[in-house]
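Engineer: These protein sequence lines are chains G and V, in that order.
Counting from 1, one number per residue, gives the positions in the first sequence under this note's numbering.
Counting from 115, one number per residue, gives the positions in the second sequence under this note's numbering.
Each hint should be verified, as a subset may be incorrect.
Pairs of lysine-lysine residues, derived as DSSO-like cross-links and limited to a Cα-Cα distance of at most 27 Å, are as follows [claimed, not checked]:
1) Lys-42/G <-> Lys-117/V
2) Lys-57/G <-> Lys-78/G
3) Lys-166/V <-> Lys-117/V
4) Lys-57/G <-> Lys-166/V
5) Lys-168/V <-> Lys-183/V
6) Lys-42/G <-> Lys-78/G
7) Lys-42/G <-> Lys-57/G
8) Lys-166/V <-> Lys-183/V
9) Lys-57/G <-> Lys-168/V
Rough simulated footprint, nothing fancy, chain G against chain V, three-plus residues with beta-carbon under 8 Å [stated by the list, open to error]:
10) 159 to 173
11) 182 to 191
By construction, these hints were calculated from the structure, which means they are not laboratory data.
Backbone N, C-alpha and C define an ideal beta-carbon position, used for all residues, glycine too.
Below are the chains, spelled out letter by letter.
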Amino acid sequence: EPEVTQTPSHQVTQMGQEVILRCVPISNHLYFYWYRQILGQKVEFLVSFYNNEISEKSEIFDDQFSVERPDGSNFTLKIRSTKLEDSAMYFCARAQDRAGYEQYFGPGTRLTVT
Amino acid sequence: LAKTTQPISMDSYEGQEVNITCSHNNIATNDYITWYQQFPSQGPRFIIQGYKTKVTNEVASLFIPADRKSSTLSLPRVSLSDTAVYYCLVGDLGETGRRALTFGSGTRLQVQP
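With the hints as constraints, model all of the structure from the sequences given.
Structural biologist: Laid out in structure tokens, this is it:
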């Protein structure tokens, strides 16, 4: 199964700046997820997105974060005002079915906040 | 979600079979068992999932005893490229419930020549 593509592969930004991370599903699936992984730590769930709206979000996904699918294709994660602790790998994933046991992850975007 | 326990790390040599066992004593009736693999700086990759008994695909086998309180991921004849972190996930993602994957710390497998 093809996965997803993510852009950029690496982004460096200054604290307080807004960043937009993009995910492009190769196939036309309905279930999307964002995860992050701080260096050396666990993969953490951020948010799930189904049928163009948020299905579930974690405690991490506060008001600084937002997701949308602006053109019905790209799936974006926006961080409004980045903090140093937002530095992490951000992974987009998609699922083929509602149960979501099999999720296909993208290569990730490495976000570095300075 | 059922809590899972798996070894922090394992070492093996090329060509050997590797078995990684995960304990999930509180597994619920509707829970499935799913294993993922993660290479450094890459996203997790789905390996295999099962509910009971044995499941086999082109990559691995998953053994689940009758009580389902544990599961064993078996990797036949590992190579250096199998060096990765392996995650055991247990949960009921259900009809209308959460679909998020909850990753633990995983088992870091190091394959040596």
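Engineer: Does Lys-117/V lie within 27 Å of Lys-42/G when you go C-alpha to C-alpha?
Structural biologist: 15 Å, holds
Engineer: For the pair supplied as a hint, Lys-42/G and Lys-78/G, is the alpha-carbon distance within the 27 Å limit?
Structural biologist: Given that 27 Å is the threshold and the Cα spacing comes to 21 Å, the pair holds.
Engineer: Does Lys-57/G pair with Lys-78/G here, judged by a C-alpha cut-off of 27 Å?
Structural biologist: 14 Å, holds
Engineer: Is Lys-42/G close enough to Lys-57/G, meaning Cα to Cα at most 27 Å?
Structural biologist: Holds - the C-alpha atoms of Lys-57/G and Lys-42/G are around 17 Å apart, at most 27 Å.
Engineer: Could you grab the alpha-carbon distance between Lys-168/V and Lys-183/V and see if it respects the 27 Å cut-off?
Structural biologist: 14 Å, holds
Engineer: So if I understand the rule, the pair passes when the alpha-carbon distance is 27 Å or less; does Lys-166/V with Lys-183/V pass?
Structural biologist: With Cα atoms ~10 Å apart, Lys-166/V and Lys-183/V stay inside 27 Å; holds.
Engineer: Three residues or more, CB to CB closer than 8 Å: is that satisfied between the segment 182 to 191 of chain V and chain G?
Structural biologist: Per the Cβ count (0), the hint is violated.
Engineer: Going straight from one Cα to the other, do Lys-166/V and Lys-117/V come out at no more than 27 Å?
Structural biologist: 18 Å, holds
Engineer: Using a Cβ cutoff of 8 Å, are there at least 3 residues of the segment 159 to 173 of chain V near chain G, or does the coverage claim fail?
Structural biologist: Since three or more residues must qualify, the claim that chain G covers the segment 159 to 173 of chain V holds, with 3 doing so at under 8 Å.
Engineer: Can you confirm whether the C-alpha distance between Lys-57/G and Lys-166/V stays at or below 27 Å?
Structural biologist: It is violated: about 30 Å lies between the C-alpha atoms, which goes past 27 Å.
Engineer: Can the restraint linking Lys-57/G and Lys-168/V be considered satisfied, given a maximum Cα separation of 27 Å?
Structural biologist: 33 Å, violated
Going through the hint list in order, the structure does not satisfy hints 4, 9 and 11.
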